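Participant: Sequence:
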Amino acid sequence: MIGTKSLPKQKDSYTTDYPRPQLRRNNWIDLNGTWAFQFDDDNCGEKEGWFKGGLLTKEIQVPYAYQTDKSEADDKEQHHILWYEKAFEWKPTENALHLHFEAVDYFTKVWVNGQLVGENEGGHTPFHFVINPYLIEGENTITVRVEDENSVEQPVGKQSWKSDNFLCWYSRTTGIWQSVWMEEVSPVHLDKLKMTPRIGDSSLHVQGNIQGHKQPVYLEAEVSFKGDWITTSGIWVKANQHSVDLTMDVQSDQADFRVFYWSPDTPDLYDIRFTVKDKTKTYDQVESYFGMRSIEAKGDRILLNRESFYQKLILDQGYYPGSLMTASYEQMEADLTKVKEMGFNGVRRHQTIADRRYMYLCDKLGLVMWAEMPSSFLFSNTSMSRMLDESRKMIDKHYNHPSVIIYTLMNESWGVNEIYHRIDQQYFVNALYYQAKAFDPTRLVVGNDGWEHTVTDILTVHDYNSDANSMKDSYKEKAAFVNGSPSKTSCKQNYAQGYHYRGEPVIISEYGGIAYGSFENKDWGYGTRPESPEEVLDRLEKLTNVITETSYIQGFCYTQLTDIEQEVNGLLDHDHEYKFDPKQIKDIMTQQSNGFVFE
1 MIGTKSLPKQ
11 KDSYTTDYPR
21 PQLRRNNWID
31 LNGTWAFQFD
41 DDNCGEKEGW
51 FKGGLLTKEI
61 QVPYAYQTDK
71 SEADDKEQHH
81 ILWYEKAFEW
91 KPTENALHLH
101 FEAVDYFTKV
111 WVNGQLVGEN
121 EGGHTPFHFV
131 INPYLIEGEN
141 TITVRVEDEN
151 SVEQPVGKQS
161 WKSDNFLCWY
171 SRTTGIWQSV
181 WMEEVSPVHL
191 DKLKMTPRIG
201 DSSLHVQGNI
211 QGHKQPVYLE
221 AEVSFKGDWI
231 TTSGIWVKAN
241 QHSVDLTMDV
251 QSDQADFRVF
261 YWSPDTPDLY
271 DIRFTVKDKT
281 KTYDQVESYF
291 GMRSIEAKGD
301 RILLNRESFY
311 QKLILDQGYY
321 PGSLMTASYE
331 QMEADLTKVK
341 EMGFNGVRRH
351 QTIADRRYMY
361 LCDKLGLVMW
371 AEMPSSFLFS
381 NTSMSRMLDE
391 SRKMIDKHYN
401 HPSVIIYTLM
411 NESWGVNEIY
421 HRIDQQYFVN
431 ALYYQAKAFD
441 PTRLVVGNDG
451 WEHTVTDILT
461 VHDYNSDANS
471 MKDSYKEKAA
481 FVNGSPSKTS
491 CKQNYAQGYH
501 YRGEPVIISE
511 YGGIAYGSFE
521 NKDWGYGTRP
531 ESPEEVLDRL
541 EKLTNVITET
551 SYIQGFCYTQ
561 LTDIEQEVNG
571 LLDHDHEYKF
581 DPKQIKDIMT
591 QQSNGFVFE
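In the UniProt record's numbering, the protein residues as written are 1 to 599.
One or more of the hints may lead you astray.
[Unchecked claim] Per label pair, the in silico range of CB-to-CB distance: (1) K194 / E535: 45 to 53 Å; (2) T442 / L388: 19 to 27 Å; (3) C44 / A87: 17 to 25 Å; (4) T16 / T282: 24 to 32 Å; (5) C491 / K586: 29 to 37 Å.
[Claimed, not checked] The calculated BS3-like cross-link candidates involving lysine-lysine, where the alpha carbons are at most 27 Å apart (straight line), are: (6) K338 / K226; (7) K579 / K338; (8) K277 / K214; (9) K279 / K338; (10) K109 / K70; (11) K478 / K579; (12) K492 / K162.
Hint data in this document are derived by calculation from the structure and do not stem from the laboratory. In this text, all values refer to a predicted model and were calculated from it rather than measured experimentally. We put the beta carbon where it would ideally sit given N, CA and C, even for glycine.
Assemble the whole structure, with the sequences as input and the hints as a guide.
Facilitator: Below you can see the structure in the form of C-alpha cells.
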C-alpha cells in the first residue's frame, strides 16, 4: 500500500498535480521533491555500486534539470552522467506497483533496492516499470542513472549542443525534467487506452488492453456530460484475450446537433469511466475524458468538425523562468490563458514535447495544438532510428487529446540539411510521415515544416520578412508562390526536388519574430528592431494583414509567445508577463475573422 490522493470530477481542476489526466486512478503517490543526487564525471558509479544505495551526497529538487535554479543543485557546468536516489515505504498487497517517469533526457537505468529494473532511451516521452519483484516490506530505494551527451544524433530540439547558447538554441536540459510518480494497479487492469471520436455517426471507438485476467472479465464504459448520464456500454473479454474494441453511440437529445462538439469556441469534454469487473468483483476503475471533433484537409481548406477553420496560432517553445522546459500546472495555465486573451485559437508547441497536463489545458480551455517532434541535427542511421522510435511514442502520448490536430515531424530541414536533392533524406522524412499516418490516420501531418517539403498534408511556409509590402508581393500569385521560393529571408524552395504542390492547404507556420526589449549584444530576434511598443504592434498588424488578406492561406503561426534567454521576440517577456497591451493584440488577431468559420 502506498499513499493515496482523491480525484474530483473532470469539471474541477483535479489535474494540478496528477500527471496523466486521461488515465486516472485513485491510489497513487507523487515522487517529486527532494532526491539524493550526484554527478558522475568519471563514469565510475556503476563500477563502484552506487545503485546499491546510500552513496549519493548531494540533493536535487525533482523534476527540475540540474541546470535550472529551481533544481537547487547549484551547478550549471556541463555534466553528462547523473545519479538520483529516493526512498519510499511499501506494505505488501496483491496490487502491482507501477513506477512512472514522464520524461528523462536521455539514457536511463533504474534500480530498486540495488536490482536493475529496466532501461529507457529517449528524452521526451513517458515510460514505466512494474517493480513488485524488487520490493521489500518497509523502506525501499529507487536509484536512477541518466547519461546525456551533447550528441546531435539525439533528438535535442532547442537544446544547444555547443558549450554555450547560440542564435535560437538554449541551455541544455539533462536528466529528469518531468514528473516521477507511482500508482498501485490491480493485477487485472485496463492498459493502453485509445479513444477515437467519430462525428459522422456520433460514436466513440475505444481500444485498449486488459491485463492479468485468468477468467472472462467485463469492461464497462459509462459516458456522461457535465454530470448528466449519456450512455453505458460494455464487452466481455475472454481469458485468453487482451485487446478490446468497443464502439459507443454517444448522441444525446441534450445536444443541438446530436453531440457536443469540441472546438476552440466550445471546448466541450465528455467524462468516461471504465470499470473492469466480473460477476462478483470489481478489479479496476479508470476515469478519463474525450472530445468529439474531427480534423481534415479538403482541397485547399482545413476543416474542423467539417467546417472551415482558420488557424491563428502562436509558437510556444515551452521554456519557463528558472526551470527551462519544466513548468507547474499554474504556469502552463497562465500562459495558455494569455494565449486566449490575445486572440489566438491555438499553439504550435515547438521542438519540445509538453507535459500531459499542457494538452489537458488546451483541451479544457479550447486551443488547438500542433505537436512537434524535437529535431536531431545529424543525418545517420542512429539519428533516424531514434527519431522514428520517439516520434511514435509522441503520437501515443497525444492521441487521446482533442486539442491536438496536427503532428510536425521535422523543422526547417534540421537533421536532413540536404533534403532538397538527397533522395535518402527525402525517404526518411516520408517514413516519418507514413509512420505517423499509420499509427494515427485521424490527424494531419507535416513532414518537414517551413520549406523543402516532400510528402505533407499542408504546405507550411516560414517567412520572417519584416516588410509588409515586400511580403505581400511574394504572395500575390498563388501559382508562383506554392512551387517557388516565396520567403525573402530563407530563400528556400517550398518543395524538395521531385515534389510539387498538390492542392493542399497553405499555412504560414512561422512569421513575425519581432524583437523588442532592453537589448544587449547577445540578444537575438528577426529583422530590424523597432524602437517602441507602438512600432512593434504596427508591424505585427501589417504583417498579419498580409496573411489574412491572402485568400488561399488558411492560417498562421506567430513567433513567438515568450522571450527565452537570448531570444527576445516574445509577446510576453522572460517572466511571461505582457510586453504589449493584450487587447490591442487581440484586435489585430480578430479583425479578419474569429477563427472558427461556419459556412
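Participant: Compare the structure with each hint and give your call.
Facilitator: Hint-by-hint comparison with the structure:
no., hint, result
1, K194 / E535: 45 to 53 Å, "holds, 49 Å"
2, T442 / L388: 19 to 27 Å, "holds, 20 Å"
3, C44 / A87: 17 to 25 Å, "holds, 23 Å"
4, T16 / T282: 24 to 32 Å, "holds, 28 Å"
5, C491 / K586: 29 to 37 Å, "holds, 33 Å"
6, K338 / K226, "holds, 25 Å"
7, K579 / K338, "holds, 12 Å"
8, K277 / K214, "holds, 12 Å"
9, K279 / K338, "violated, 50 Å"
10, K109 / K70, "holds, 24 Å"
11, K478 / K579, "violated, 35 Å"
12, K492 / K162, "holds, 26 Å"
When the structure is compared with the earlier hints, violations turn up for hints 9, 11 and for no others.
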